[in-house]
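Since the structure of chain A is provided, determine the placement of chain B on it from the hints.
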Amino acid sequence: MLEKLMSIDRRIIFILVALAVILPTLIPVSMPISVSEPTQKLYDYIETIPAGGTIMLVFDYGPASLAELNPMARAIMKQCFAKDIRVIGLTLYAVGTTMGSTLIQEVVEETGAVDGEDYVFLGFRPGLELVILGMGTDITSIFDRDYNGKPLSEIPMMQNVTNYDQVDLLVDLSAGSLTEAWITYANVQFNLQIAAGVTGVIISQMYPYLQTGQLVGLIPGIAGAAEYERLIEAPAKGTLWINIESFVHLLIIGLVVIGNIAFFIQRRREE
Amino acid sequence: MRRQVPLILCFVFGIVMIFTQFIPHSLSQSLHQEVRQWYLIIFPFALVFSSIALIRTHVMRIRRRTEHWRYSFLIFIGILMMVVIGVPFGPQHHVFEWLFNNVQVPMDATMFSLLAFFIASAAYRAFRARTLEASLLLVTALIVMLGNVPVGDLVWNTVFAWLPWENATSGMKQWILDNPNLSARRGIILGISLGVISQSIRIILGIERSYLGGGD
Numbered sequence: 001m002l003e004k005l006m007s008i009d010r011r012i013i014f015i016l017v018a019l020a021v022i023l024p025t026l027i028p029v030s031m032p033i034s035v036s037e038p039t040q041k042l043y044d045y046i047e048t049i050p051a052g053g054t055i056m057l058v059f060d061y062g063p064a065s066l067a068e069l070n071p072m073a074r075a076i077m078k079q080c081f082a083k084d085i086r087v088i089g090l091t092l093y094a095v096g097t098t099m100g101s102t103l104i105q106e107v108v109e110e111t112g113a114v115d116g117e118d119y120v121f122l123g124f125r126p127g128l129e130l131v132i133l134g135m136g137t138d139i140t141s142i143f144d145r146d147y148n149g150k151p152l153s154e155i156p157m158m159q160n161v162t163n164y165d166q167v168d169l170l171v172d173l174s175a176g177s178l179t180e181a182w183i184t185y186a187n188v189q190f191n192l193q194i195a196a197g198v199t200g201v202i203i204s205q206m207y208p209y210l211q212t213g214q215l216v217g218l219i220p221g222i223a224g225a226a227e228y229e230r231l232i233e234a235p236a237k238g239t240l241w242i243n244i245e246s247f248v249h250l251l252i253i254g255l256v257v258i259g260n261i262a263f264f265i266q267r268r269r270e271e
Numbered sequence: 001m002r003r004q005v006p007l008i009l010c011f012v013f014g015i016v017m018i019f020t021q022f023i024p025h026s027l028s029q030s031l032h033q034e035v036r037q038w039y040l041i042i043f044p045f046a047l048v049f050s051s052i053a054l055i056r057t058h059v060m061r062i063r064r065r066t067e068h069w070r071y072s073f074l075i076f077i078g079i080l081m082m083v084v085i086g087v088p089f090g091p092q093h094h095v096f097e098w099l100f101n102n103v104q105v106p107m108d109a110t111m112f113s114l115l116a117f118f119i120a121s122a123a124y125r126a127f128r129a130r131t132l133e134a135s136l137l138l139v140t141a142l143i144v145m146l147g148n149v150p151v152g153d154l155v156w157n158t159v160f161a162w163l164p165w166e167n168a169t170s171g172m173k174q175w176i177l178d179n180p181n182l183s184a185r186r187g188i189i190l191g192i193s194l195g196v197i198s199q200s201i202r203i204i205l206g207i208e209r210s211y212l213g214g215g216d
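So the sequence lines, in the order shown, correspond to chains A and B. All residue numbers for the first sequence refer to the working numbering, where the first residue is 1 and numbers rise by one. All residue numbers for the second sequence refer to the working numbering, where the first residue is 1 and numbers rise by one.
Everything labelled a hint here was simulated from the structure, so no lab data went into it. Check before you lean on any hint, since a few could be wrong.
[Claimed, not checked] Reference listing, derived: stretches of chain A covered by chain B, where coverage requires no fewer than 3 residues with Cβ under 8 Å from a Cβ of chain B:
1) 1-14
2) 20-33
3) 61-75
4) 92-103
5) 108-114
6) 131-145
All C-beta atoms, glycine included, are put in the ideal place defined by N, C-alpha and C.
Just chain A, with the same shape it has in the complex (with noise of 0.2 Å):
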């Protein structure tokens, strides 16, 4: 018995994932979400830039990172779009285009913002922090054009934005190291308010940045994509999945402790 469970069939282990997944999907249970004091603050901030203020939004992920992040930009533009906040779109991650382009437009169609006044959205240049410190001086140097080739200039809303200066908030949603990069050339050089939205693998990576006040706020993981949709009272595919993740978490830690409990049993008996 104690043999069978110490070496049980990892296809058995496969099945009672799908399950701890496809069950709360078929079946949406609703648990209380506590809001974290990093997600409080960002939310805090946003709201405090005024009506006609301008953040912007960046979507540096790949498809790999959307179940995590998708949420969190689109929780982000709600609350700016209802504040009249105007959003400036963009990436560093070529394939972050085409899904900060969809996701954008998917926002829009549910509030109605409207594209050159309410937001804008630049796309990808390549070349990282060149991008970055480009920006800083001018936007225009590295984005002469938003992503559907339209010059900045005649864009409404980027009409007094020239750089960093105009902008009162940078979040970068980031399933990588691009978050330090932004802290290190937008917030050191130029002193641009950031904010981040990452993935649960590099959260503990951020701390020491929110600690020193480099970021304003910070967005951790699929919890912190349930956090915001609870504080824009908003509930969507955030909650929906924290709460079918809530199993999975509980099926593992049951796992590790079967795990461990079989491991001293046997360890016993071979003393």
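Then chain B, alone, in the frame of chain A:
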């Protein structure tokens, strides 16, 4: 000459770019801006080179009939389709967007989703409290995992409702992230930064030459 020219270029541009960072004079800043423009022009060439390298690798696989060589044709079909639509019409074209949203996105997301299955299996097999350090890691991981999902607080607030601490699971997780994690991370960041500085100096001075590849 094949090695000397890149070494000289690396040295000159490395030094110049460092100085332009610290000299706020307009001449220095315009030089910095000019070089940035060059970089933006040079960068796409790297994409061309990487595409050529990818094509060469898969041509070799087909020629040598290595394992799963037939899948290399899929690479060519994928590249060809995206180039044929993307280059003349741009990524805004509805066919390009459709292919991206309905082929690349699901495939990429699926590959990443598989991790959940492997992590669960690996955690069951390998996450054992064999030593004190492993036990600490195990307990910390369990607290963070439980504190990261709403069920953690739900269980705590239900089972330990008589205790004065509400939402203690997420509170413990937050404490772990704010204190032990933050301290360790700061040490790691400092170490990495010092490593990057020393490696950059080695490259600029031509001591580290591995980026030049092999040959003379």
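A quick look at each hint next to the structure:
1. 1-14: holds (count 4)
2. 20-33: Three-residue rule met by the stretch 20-33 of chain A, so holds; n is 4.
3. 61-75: Three-residue rule met by the stretch 61-75 of chain A, so holds; n is 6.
4. 92-103: It holds: at least three residues are needed, and the stretch 92-103 of chain A offers 6 whose Cβ sits within less than 8 Å of chain B.
5. 108-114: Not satisfied, violated; 0 residues make the cut.
6. 131-145: holds (count 6)
The structure does not agree with numbered hint 5 stated previously, though it agrees with all others.
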